[in-house]
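*Asks:* The chain contents come next:
2 protein chains.
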Amino acid sequence: MTVELISVGTEILLGNIVNTNAAFLAERIAALGLSCYHQSAVGDNEERLEDAIRLALSRSDLVILSGGLGPTKDDLTKEVTAKVFGKKLVEDAHTKERIQAYFERIHSSKITSNNWKQALIPEGATVVENHNGTAPGLILDGENGKTAILLPGPPNEIKPMFERDIAPFLNRLQPEGIYSKMVKVCSIGESRAETMVADLMDAQTNPTLAPYAKTGEVHFRVTAAAEDEETADALMEPMVKELYERFGDKIYTTEEEVTLEEAIVELLKEKSMTVTTAESCTGGLLAGRIMNAAGASAVYNEGYITYSNDSKEKLLGVSGDTLEKYGAVSAETAAEMARGAANAAGADAALSVTGIAGPDGGSKEKPVGLVYVGCFVKGRVRTEEFLFTGNREKNRDYAVVRALTVLREELICL
Amino acid sequence: MTVELISVGTEILLGNIVNTNAAFLAERIAALGLSCYHQSAVGDNEERLEDAIRLALSRSDLVILSGGLGPTKDDLTKEVTAKVFGKKLVEDAHTKERIQAYFERIHSSKITSNNWKQALIPEGATVVENHNGTAPGLILDGENGKTAILLPGPPNEIKPMFERDIAPFLNRLQPEGIYSKMVKVCSIGESRAETMVADLMDAQTNPTLAPYAKTGEVHFRVTAAAEDEETADALMEPMVKELYERFGDKIYTTEEEVTLEEAIVELLKEKSMTVTTAESCTGGLLAGRIMNAAGASAVYNEGYITYSNDSKEKLLGVSGDTLEKYGAVSAETAAEMARGAANAAGADAALSVTGIAGPDGGSKEKPVGLVYVGCFVKGRVRTEEFLFTGNREKNRDYAVVRALTVLREELICL
Numbered sequence: 011m012t013v014e015l016i017s018v019g020t021e022i023l024l025g026n027i028v029n030t031n032a033a034f035l036a037e038r039i040a041a042l043g044l045s046c047y048h049q050s051a052v053g054d055n056e057e058r059l060e061d062a063i064r065l066a067l068s069r070s071d072l073v074i075l076s077g078g079l080g081p082t083k084d085d086l087t088k089e090v091t092a093k094v095f096g097k098k099l100v101e102d103a104h105t106k107e108r109i110q111a112y113f114e115r116i117h118s119s120k121i122t123s124n125n126w127k128q129a130l131i132p133e134g135a136t137v138v139e140n141h142n143g144t145a146p147g148l149i150l151d152g153e154n155g156k157t158a159i160l161l162p163g164p165p166n167e168i169k170p171m172f173e174r175d176i177a178p179f180l181n182r183l184q185p186e187g188i189y190s191k192m193v194k195v196c197s198i199g200e201s202r203a204e205t206m207v208a209d210l211m212d213a214q215t216n217p218t219l220a221p222y223a224k225t226g227e228v229h230f231r232v233t234a235a236a237e238d239e240e241t242a243d244a245l246m247e248p249m250v251k252e253l254y255e256r257f258g259d260k261i262y263t264t265e266e267e268v269t270l271e272e273a274i275v276e277l278l279k280e281k282s283m284t285v286t287t288a289e290s291c292t293g294g295l296l297a298g299r300i301m302n303a304a305g306a307s308a309v310y311n312e313g314y315i316t317y318s319n320d321s322k323e324k325l326l327g328v329s330g331d332t333l334e335k336y337g338a339v340s341a342e343t344a345a346e347m348a349r350g351a352a353n354a355a356g357a358d359a360a361l362s363v364t365g366i367a368g369p370d371g372g373s374k375e376k377p378v379g380l381v382y383v384g385c386f387v388k389g390r391v392r393t394e395e396f397l398f399t400g401n402r403e404k405n406r407d408y409a410v411v412r413a414l415t416v417l418r419e420e421l422i423c424l
Numbered sequence: 011m012t013v014e015l016i017s018v019g020t021e022i023l024l025g026n027i028v029n030t031n032a033a034f035l036a037e038r039i040a041a042l043g044l045s046c047y048h049q050s051a052v053g054d055n056e057e058r059l060e061d062a063i064r065l066a067l068s069r070s071d072l073v074i075l076s077g078g079l080g081p082t083k084d085d086l087t088k089e090v091t092a093k094v095f096g097k098k099l100v101e102d103a104h105t106k107e108r109i110q111a112y113f114e115r116i117h118s119s120k121i122t123s124n125n126w127k128q129a130l131i132p133e134g135a136t137v138v139e140n141h142n143g144t145a146p147g148l149i150l151d152g153e154n155g156k157t158a159i160l161l162p163g164p165p166n167e168i169k170p171m172f173e174r175d176i177a178p179f180l181n182r183l184q185p186e187g188i189y190s191k192m193v194k195v196c197s198i199g200e201s202r203a204e205t206m207v208a209d210l211m212d213a214q215t216n217p218t219l220a221p222y223a224k225t226g227e228v229h230f231r232v233t234a235a236a237e238d239e240e241t242a243d244a245l246m247e248p249m250v251k252e253l254y255e256r257f258g259d260k261i262y263t264t265e266e267e268v269t270l271e272e273a274i275v276e277l278l279k280e281k282s283m284t285v286t287t288a289e290s291c292t293g294g295l296l297a298g299r300i301m302n303a304a305g306a307s308a309v310y311n312e313g314y315i316t317y318s319n320d321s322k323e324k325l326l327g328v329s330g331d332t333l334e335k336y337g338a339v340s341a342e343t344a345a346e347m348a349r350g351a352a353n354a355a356g357a358d359a360a361l362s363v364t365g366i367a368g369p370d371g372g373s374k375e376k377p378v379g380l381v382y383v384g385c386f387v388k389g390r391v392r393t394e395e396f397l398f399t400g401n402r403e404k405n406r407d408y409a410v411v412r413a414l415t416v417l418r419e420e421l422i423c424l
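Note that the protein sequences, when read in sequence, are chains A and B.
Letter by letter, the first sequence follows residues 11 to 424 of my numbering.
Letter by letter, the second sequence follows residues 11 to 424 of my numbering.
Given that identical chains are not distinguished, each listed pair holds provided it fits within a single copy or across any two copies.
In silico EDC-like cross-links for lysine to aspartate or glutamate, where the CA-CA straight-line distance does not exceed 16 Å:
1) Lys83 <-> Glu57
2) Lys169 <-> Glu403
3) Lys224 <-> Glu21
4) Lys404 <-> Glu167
No lab work stands behind these hints, which were simulated from the structure alone.
Based on the sequences and whatever the hints tell you, model everything.
*Replies:* Listed below in structure tokens is the structure:
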């Protein structure tokens, strides 16, 4: 079965927003074992939207449209799709009630007559509830065996709706369901990781294996086609086991939603440990990343941003001699920053980062991209030197991930 | 003239990467006054790529293809476009030399016979130099008056190539050149800002005015068509002046590249002031954002992440009474955090953030999304209360921008 994506919205054509929905849908569709050969974007224009839908239906079995379901006159996706499918729009009583309830809960005063437009649905369409907004999702079946799925544009609405209702629906359409597991790996480079599974990728049939490179991480999606989840799990198990044999404890999770920082916060919780941070070039981004994990308050009490040499001495107790002899960007300073931060915060573990993010401040001996990470865990300090080759933003992002990775390596050795 | 974008690459269809190039090109094309009604993405597949190019040429005057210019067999954009335009591929001596020189400079050992594929160009094509990689850009004119522009996929190659050579080329295609200025506004909501210029937008002809909503900011692009830059400037000047009359010092820059944090770092430098930060729910993101500005080290020495109540007392001197009486998430605590941070760091200004980012931790009195910002400037503290309605990530992003905005408001009053 082939699927095609149409993103609707003039804001995409004007470059006002980056189309992250297309990437999200594309990744999930691939994970469901469906083939997607075309993505397109059109504006809020009736004629061009109609052309785009007709073209998509002519070459694909299923068309997923995102956006254009809002309450304003500009929002045309439902109206135009209904026209293409030859369906009238009728009011859906359940959706109308839900919109009313939503407004009572969120901002009762702002309901306008426009909002009732969102309760209109193409006759015979399946309504998919939106738990995070007013526009319902819609599934339309055409007489020619073609299907259109209409989803709201806001990422915080489309993602939960897709996971909850659309993915299971797509699975039911296929002779066999498609199930997948995500195996997330850190502490290894992308090309090295891919080389290590080249034979598995060449030999793949069912399950299949696909690598996704993220900043400082590699995610492997294992996908199996089977009549039910249990059978799929049995098919995937040997592949996941094989990945564990090759990557060992470099695998930090096999859960789709778990991030590296969440895995680390969980590790700290398990070990009843706290962590702190002392940052120079990353200037708070490392702490900010740890605190992305909703439960971080259990393991993190305080942290330090020490940009100046003075602050490294004052807040962390880095010695003036070390700063003078080795410089602020050195393994020695990183080590003293980590130890000093743990001391000052009374934490069991500490990460420090000091480096030259760029664009200025580099020298022949210490070029832009040179970063030292210090990691204190229960009395021991480890330091690592990195040389990143990106711009300021990339160098700081990589420094954050590498620091987290070093901490994780130390924690799993305990 | 209508322009259409085709992004080439299976990694886009699989959702492996987010298509930021499309957003970049779309925004720049709109800024050049060109109309773009279609964006599409296709994989590294000869037949579908050919169909996509033919379809695009049938409905638009100019097609910009990005990606698929690499050295591997999968990279087909040049070959397929040449076929559609009926051109042979011939070796371009200058490009061959450039590739040789590039490899000598960057990684001389890795040059392979594949790389010479990148020196082949469609007969008669204009070669656009790539200063950041090996694949040249190409401009092909067809007999039917249609044009194709081929650009490399990596963002760090396509962006400078577009700015340096493609934007001027597109300008030359038009009877008049298109010039624009960006007027960036903060301290005001998007819908309010748009309402304030509704009449200007209705009346627009030359120059035109287009709003772009960013998190906590609104950017207005003023665009004029004129035979030269001087004439365009003269056309844009009254509009920019009008925007200054309406938004006053809410305009923080009229420079395309200047960010809010850079504008604030500049303000602090001008006033020879330093700043520090004390963060609870944003956990370092505010400091990290200030340090995005490459020159931040001149105004920022140290900062504090104070997640626990203990750390607020210990590092910032917030009184236990205040924490007990008003709670950690309160205007009173935010005020003491800001004053305490300025004291501890010996800084002239300080920003504090304390709030409930979610998803947990909210109550009826203090719901998720409630955030207090404290701003200390030369002895005076101002606090602001916000209620954000996004998820954890969005709430923290907005808290950071609002805090920066409050600091800027205080600084410009000095």
